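Whenever a hint applies, use it, and build me the whole structure from the sequences.
Residue numbers for the sequence shown follow UniProt numbering, beginning at 1 and rising by one.
None of these hints come from the bench; they were simulated from the model.
One thing to keep in mind: the hints can contain errors.
Unchecked claim - Label pairs and their in silico Cβ distance ranges:
(1) K211 x S8: 28 to 36 Å
(2) S59 x N29: 17 to 25 Å
(3) K211 x P115: 30 to 38 Å
(4) S136 x T214: 20 to 28 Å
(5) L118 x E174: 40 to 48 Å
(6) T139 x E80: 16 to 24 Å
(7) N29 x K93: 29 to 37 Å
(8) S192 x E167: 41 to 49 Å
(9) Q201 x P115: 15 to 23 Å
(10) L175 x S59: 24 to 32 Å
(11) Q126 x I43: 28 to 36 Å
(12) E94 x K119: 19 to 27 Å
Said to hold, decoys possible - Lysine-lysine pairs mimicking DSSO-like chemistry, simulated, CA-CA at most 27 Å apart:
(13) K75 x K108
(14) K211 x K169
(15) K36 x K96
(16) K30 x K63
(17) K152 x K207
(18) K40 x K30
(19) K36 x K108
(20) K96 x K108
(21) K129 x K152
(22) K108 x K129
(23) K202 x K169
(24) K83 x K40
(25) K211 x K63
(26) K152 x K108
(27) K119 x K152
(28) K119 x K30
(29) K207 x K169
(30) K75 x K36
(31) K83 x K108
These numbers come from a predicted model, not from an experiment.
Where is the CB? At the ideal position from N, CA and C, for every residue including glycine.
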Amino acid sequence: MQQLADFSLISQCPVFRGISENEIMELLNKIHFQIKRFNKEEIVAYAGDTVQNLYILLSGSVKGEMIDYSGKTIKIEDVEASKPLASAFLFGKENKFPVTVTALVDLKILAIPVPEFLKVLQMNTQVLKNYLNSISTRTQFLSQKLHFLSFKTIREKVAHFLLTRAEDKFHSIELKNTQQQLADLFGVTRPSLARIFGEMQKEGLIKIERKTVTLLNKEKLNELLING
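Structure (structure tokens):
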């Protein structure tokens, strides 16, 4: 059997969650797979490439980026070790990477060819259930992301971001992202984002104290989304 990383890490992957390390070892012993390595800033896959393998990050992290209608690069998300890449795009007519995937650090990836992964799904019903749950979750995430990208102005994107994080029951949220990470998420420069936060605070829509943002007027924030 080819040399693998820690089986406990693979068992944390959503696709293999609830499967013991011994079971994972037995399953992988029955199929063909590869361990691929990528250097920092190396392209793992380009948007539009056919998804030929189930990729699971064994170490490191990657970023997913796409080009919007104006030609601007927009960061979609970062993915860290033990999570799969493009798992919702293994099958179907357009089974292509929706984003360009780039290594943020040196990586190690478990690559299971689609025909071999089909064998795993047939051998283990828990993996099948996990996979179906995983792709459903990914589809929902991408749907929400597309909705987010449909907002034209930074103000709309910020309002949507804050309202989504706060939900109906909270009025304050803790920002876990740095300003640069948020700017990348919104597809804008950091000074532009800081200006919008400053304007919204002056208008009495929000209050910012260090990493805590309090939503002072949810009604007006919602109006930004409705009226643009």
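Going through the hints against the structure:
no.: 1; hint: K211 x S8: 28 to 36 Å; in the structure: holds, 32 Å
no.: 2; hint: S59 x N29: 17 to 25 Å; in the structure: holds, 22 Å
no.: 3; hint: K211 x P115: 30 to 38 Å; in the structure: violated, 47 Å
no.: 4; hint: S136 x T214: 20 to 28 Å; in the structure: violated, 34 Å
no.: 5; hint: L118 x E174: 40 to 48 Å; in the structure: holds, 42 Å
no.: 6; hint: T139 x E80: 16 to 24 Å; in the structure: holds, 20 Å
no.: 7; hint: N29 x K93: 29 to 37 Å; in the structure: holds, 33 Å
no.: 8; hint: S192 x E167: 41 to 49 Å; in the structure: violated, 26 Å
no.: 9; hint: Q201 x P115: 15 to 23 Å; in the structure: violated, 55 Å
no.: 10; hint: L175 x S59: 24 to 32 Å; in the structure: holds, 28 Å
no.: 11; hint: Q126 x I43: 28 to 36 Å; in the structure: holds, 33 Å
no.: 12; hint: E94 x K119: 19 to 27 Å; in the structure: holds, 24 Å
no.: 13; hint: K75 x K108; in the structure: holds, 22 Å
no.: 14; hint: K211 x K169; in the structure: holds, 19 Å
no.: 15; hint: K36 x K96; in the structure: holds, 19 Å
no.: 16; hint: K30 x K63; in the structure: violated, 31 Å
no.: 17; hint: K152 x K207; in the structure: holds, 23 Å
no.: 18; hint: K40 x K30; in the structure: violated, 32 Å
no.: 19; hint: K36 x K108; in the structure: holds, 6 Å
no.: 20; hint: K96 x K108; in the structure: holds, 21 Å
no.: 21; hint: K129 x K152; in the structure: violated, 38 Å
no.: 22; hint: K108 x K129; in the structure: holds, 26 Å
no.: 23; hint: K202 x K169; in the structure: holds, 24 Å
no.: 24; hint: K83 x K40; in the structure: holds, 18 Å
no.: 25; hint: K211 x K63; in the structure: holds, 24 Å
no.: 26; hint: K152 x K108; in the structure: violated, 37 Å
no.: 27; hint: K119 x K152; in the structure: violated, 44 Å
no.: 28; hint: K119 x K30; in the structure: holds, 9 Å
no.: 29; hint: K207 x K169; in the structure: holds, 17 Å
no.: 30; hint: K75 x K36; in the structure: holds, 24 Å
no.: 31; hint: K83 x K108; in the structure: holds, 12 Å
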